[in-house]
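There are 2 protein chains.
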Amino acid sequence: MTDSAPSYYKHHVFFCLNERDKGEASCAPHGARAALDRCKAKVKEAGLAGPGGVRVNQAGCMNRCQGGPIAVVYPEAVWYTYVDESDIDEIVESHLKNGRVVQRLLTPLHLGR
Amino acid sequence: MTDSAPSYYKHHVFFCLNERDKGEASCAPHGARAALDRCKAKVKEAGLAGPGGVRVNQAGCMNRCQGGPIAVVYPEAVWYTYVDESDIDEIVESHLKNGRVVQRLLTPLHLGR
Chain A
443 MTDSAPSYYK
453 HHVFFCLNER
463 DKGEASCAPH
473 GARAALDRCK
483 AKVKEAGLAG
493 PGGVRVNQAG
503 CMNRCQGGPI
513 AVVYPEAVWY
523 TYVDESDIDE
533 IVESHLKNGR
543 VVQRLLTPLH
553 LGR
Chain B
443 MTDSAPSYYK
453 HHVFFCLNER
463 DKGEASCAPH
473 GARAALDRCK
483 AKVKEAGLAG
493 PGGVRVNQAG
503 CMNRCQGGPI
513 AVVYPEAVWY
523 TYVDESDIDE
533 IVESHLKNGR
543 VVQRLLTPLH
553 LGR
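Respectively, the protein sequence lines represent chains A and B.
Just so it is clear: in the first sequence, position 105 is 547 by the working numbering, and no numbers are missing.
Just so it is clear: in the second sequence, position 39 is 481 by the working numbering, and no numbers are missing.
Treat the hints as calculated values from the structure; they're not laboratory data.
Please note: incorrect hints may appear among the correct ones.
Repeated chains share a single entry, so a pair holds when one copy, or any two copies, can fit it.
As the list claims (entries may be wrong) - Below, computed lysine-lysine pairings styled on DSSO-like, alpha-carbon distance capped at 30 angstroms:
1. K464 - K482
2. K539 - K452
3. K539 - K464
4. K539 - K482
5. K486 - K464
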């Protein structure tokens, strides 16, 4: 519905930082804050940050906890399940810098809360 | 780059809930939390919530503070500047329910931080 206007950010990334009660799956206990910080730093380092470029944000629970820890990239609506720093680095280098989705890290479609 | 796959959520809404130091523009002092809660409630009431439908989330600073309080709807990348509950209700009814962008609430393109 906005085909005529470019997205304010070329890639807008949201990391779930939610923490649930003990025993329930959630992203925070799986290094989500560190991953967010890493992603922000790498994006800045690569000179990608800002309007027309990349923005990295924290978010609340996006209700795909079973696939967590997760991050979603808009406007392309690509969901990632990451494990460690090297996954974050690959998302920045491949997807955010070069526009190539990292297939091996895609969140399986059936995973919700 | 994902033209073949539908977005997990048809509309994914993020409200900035950031609060800056006194004197600096930010969204939290302008009723952002109440607007988020209102939006969530209205979406639920309309039966729109869930995969294939609408998800409403809080987010950190999206760096468009001068246009705040703001919310962005993905994957269509539509940014709104809202003022009161009736604005939220209109966004839910017009955009999230019927797919019609609320032109009068669009955040002016030049407004960043």
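Structure-based check of each hint:
1. K464 - K482: The answer is both: 28 angstroms in one copy and 25 angstroms across copies each meet 30 angstroms.
2. K539 - K452: both (10 angstroms within a copy, 26 angstroms between copies)
3. K539 - K464: neither (37 angstroms within a copy, 36 angstroms between copies)
4. K539 - K482: The answer is within: 13 angstroms in one copy meets 30 angstroms, while 34 angstroms across copies does not.
5. K486 - K464: Intra 34 angstroms, inter 27 angstroms, cutoff 30 angstroms: inter-copy only.
The structure fails to meet hint 3 from the earlier list, while all remaining hints are met.
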